[in-house]
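Let the hints inform the model, and build the full structure from the sequences given.
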Amino acid sequence: MAVTVEDLSAGLARVCARVGLGALSLAPQRLTGGAVMESWRFEAGGSDCVLRRAPSLAFMEGRPYGHATEAALIEAARAKGVTAPEVVAVLEEADGLGSGFIMRALPGTADPKVILGCDDPDGLLRDIARDLARIHSLRQSDVPAGVPVMDYRAAIADLKAQFMDAGGDRPIIALGLKWLEDNCPPEVEPVLNHGDYRMGNLLVEGSALTGVLDWEIAHFGDRHEDLAFGCMAVWRFARYDRPALGLGSIADYIAAYEAEAGVTIDPARFRFWTIYRTVWWALGCLKMAAQWRSGADRMLERVVISRRTSEQELDLLLLLEEDASEEERGRPVVLPDMSCTYLGEANQAEMATAIAEWLDTLKDKLTGHDRFQLAVARNALGMIAREDDLLPYPGDYLLSEALLVGEKSVKSSGLLADLRSSALQKLSADVPKYPALKAARKKWLGEE
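Per numbering that gives the first Met the number 0, the very first residue in the sequence shown carries number 0; after that it's consecutive.
Hints are computed from structural coordinates only; laboratory data are not their basis. Note that this is a predicted model, so its numbers are computed, not measured. Fair warning: there could be bad hints in the mix.
BS3-like mimics (lysine-lysine), calculated; alpha carbons at most 30 angstroms apart, straight line [stated by the list, open to error]:
#1 K442 to K407
#2 K362 to K410
#3 K437 to K286
#4 K362 to K442
#5 K407 to K362
#6 K410 to K112
#7 K432 to K286
#8 K362 to K441
#9 K410 to K364
#10 K79 to K407
#11 K364 to K432
#12 K159 to K410
#13 K407 to K364
#14 K407 to K159
#15 K159 to K364
#16 K286 to K112
#17 K437 to K410
#18 K442 to K432
#19 K112 to K364
#20 K286 to K407
#21 K112 to K407
The structure is reproduced here in structure tokens:
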């Protein structure tokens with residue numbers, strides 16, 4: 000349910016009065032980011048608070064648990080020493096604000112650009128490992144009923160169902176799904192997984208961890224899943240060369256975690272969950288477009304994130320090609336020649352570029368979430384403009400089907416080279432500044 004700032008203020012005033020937070024003294028301001036839930040900062044009774052809410056009640060349908068359970072999870076984590084925010088109120092129907100809860104604001108920033116420039120990345124990485132170990136110390140008796148326990152095979156089957164619902168026509172994702180089915184490890188004693196433990200959901204002040212945010216997909220499962228997720232290429236941002244959250248080496252991260260948790264991490268399980276979560280996030284991006292189409296959330300960022308699927312396809316191929324033969328890994332990658340010059344009337348790419356350039360003139364006139372949305376809009380127009388440099392990219396259902404059933408694989412003659420070529424083309428149109436793209440071009444094409 001969309002609300003105006005006025006309606007939001009009125010609803011927050013009712014909540015604050017109900018729980019004794021005091022009078023609302025600063026109107027709510029939408030925080031930037033947040034690919035799933037909305038976040039609004041406001042002041043009540045002299046304290047800074049943050050409202051976390053769903054964009055609509057329809058958006059909560061099908062989720063394993065609601066915001067009341069998420070709030071209780073956060074409080075349970077705080078009791079274990081995790082630097083999680085204090086929850087002060089869970090929204091009720093009479094508040095008129097939909098589904099969500101209110102937390103006391105914590106110091107620090109979640110902006111990866113700022114965090115990755117900190118003075119002591121090694122110390123921060125140890126803080127992050129420490130808190131993750133504390134999260135993993137939670138057991139089912141510590142949290143409310145209803146927090147799911149992951150069944151590995153069922154989770155893979157669910158990803159496969161999502162893939163088919165989205166058309167079942169992306170060969171690299173199909174390749175990843177088949178690999179997961181063939182390499183699923185035996186289940187281990189489940190621990191509480193945060194589920195989204197990565198740069199962007201961590202608050203940092205200076206070089207110290209000050210908050211762990213966004214607990215909405217916490218579940219019980221393999222500790223390796225949380226560890227691997229934060230080390231995916233997408234969460235390193237500009238520091239592709241520092242695979243552990245953009246801060247340091249995976250070896251240092253794991254060593255700090257092992258020292259805190261008193262366990263030994265299995266490299267094979269770590270690789271499995273890295274590939275699993277890469278497929279998971281590829282499908283998470285892909286279905287953002289469906290959420291926009293359905294009307295559950297018409298935020299512009301949804302359609303743009305859907306195009307980030309190609310980031311994960313490239314990352315997935317870099318992970319899976321390790322299983323190909325030396326001959327296939329050494330096969331040259333051929334990209335099409337797109338060097339022709341168009342001399343007629345303005346084409347679609349030029350019109351999109353012109354609009355993006357005009358939008359850029361408005362940047363200094365906007366603040367907060369509006370400025371963020373303007374940047375998202377310019378990214379969308381850039382994708383449209385660059386598509387003219389991309390050969391038609393239809394989904395390949397037949398190849399995907401062959402990969403899913405094991406009729407073809409990265410060991411098939413010439414297939415890896417073809418998949419590399421298509422991954423490079425698609426990502427060059429979608430997100431040309433993605434750091435892994437440069438690394439892939441160097442590895443596959445020999446570019447410096």
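So, going through the hints one by one against the coordinates:
Proximity of K442 to K407 is assessed by CA-CA distance (about 23 angstroms); at most 30 angstroms being required, the pair is judged to hold. Distance hint between K362 and K410 is unfulfilled; the C-alpha atoms sit about 49 angstroms from each other, more than 30 angstroms. For the given pair, K437 sits about 26 angstroms from K286 by alpha-carbon distance, which is consistent with the 30 angstroms threshold. Using a Cα cut-off of 30 angstroms, the hinted pair K362 and K442 is violated, with the two alpha carbons roughly 37 angstroms apart.
Straight-line distance between C-alpha atoms of K407 and K362 comes to about 49 angstroms, which puts the hinted pair past the 30 angstroms bound. Straight-line distance between C-alpha atoms of K410 and K112 comes to about 39 angstroms, which puts the hinted pair past the 30 angstroms bound. Between K432 and K286 the CA atoms are separated by roughly 23 angstroms; this keeps the pair inside 30 angstroms, and the hint holds. With a CA separation close to 34 angstroms, the supplied pair K362 and K441 exceeds the 30 angstroms bound.
Under the criterion of a C-alpha separation no larger than 30 angstroms, the hint pairing K410 with K364 is inconsistent with the structure, at around 54 angstroms. Only pairs whose Cα atoms come within 30 angstroms are accepted, and K79 paired with K407 is rejected, the gap being roughly 48 angstroms. Of the supplied pair hints, the one linking K364 and K432 holds, its CA atoms being roughly 26 angstroms apart against a limit of 30 angstroms. Restraint check for K159 and K410: the C-alpha separation of about 22 angstroms stays at or below 30 angstroms, so the hint holds.
A distance of roughly 53 angstroms separates the Cα atoms of K407 and K364; the hinted pair therefore is violated under the 30 angstroms criterion. Taking the CA atoms of K407 and K159, the gap is near 17 angstroms; set against the 30 angstroms cutoff, the hint holds. Between K159 and K364 the alpha-carbon distance is near 45 angstroms, which puts this suggested pair outside the 30 angstroms criterion. Only pairs whose Cα atoms come within 30 angstroms are accepted, and K286 paired with K112 is accepted, the gap being roughly 27 angstroms.
Taking the CA atoms of K437 and K410, the gap is about 25 angstroms. The hint holds against a cut of 30 angstroms. Only pairs whose Cα atoms come within 30 angstroms are accepted, and K442 paired with K432 is accepted, the gap being roughly 17 angstroms. For the proposed pair K112 and K364, the alpha carbon gap of about 23 angstroms is at most 30 angstroms, so the pair holds. Simply put, K286 and K407 have alpha-carbon atoms about 26 angstroms apart, close enough for the 30 angstroms limit, and the pair holds.
Among the hinted pairs, K112 with K407 is inconsistent with the structure: their alpha-carbon atoms are about 41 angstroms apart, more than 30 angstroms.
The structure fails hints 2, 4, 5, 6, 8, 9, 10, 13, 15, 21 (numbered hints given earlier, in ascending order).
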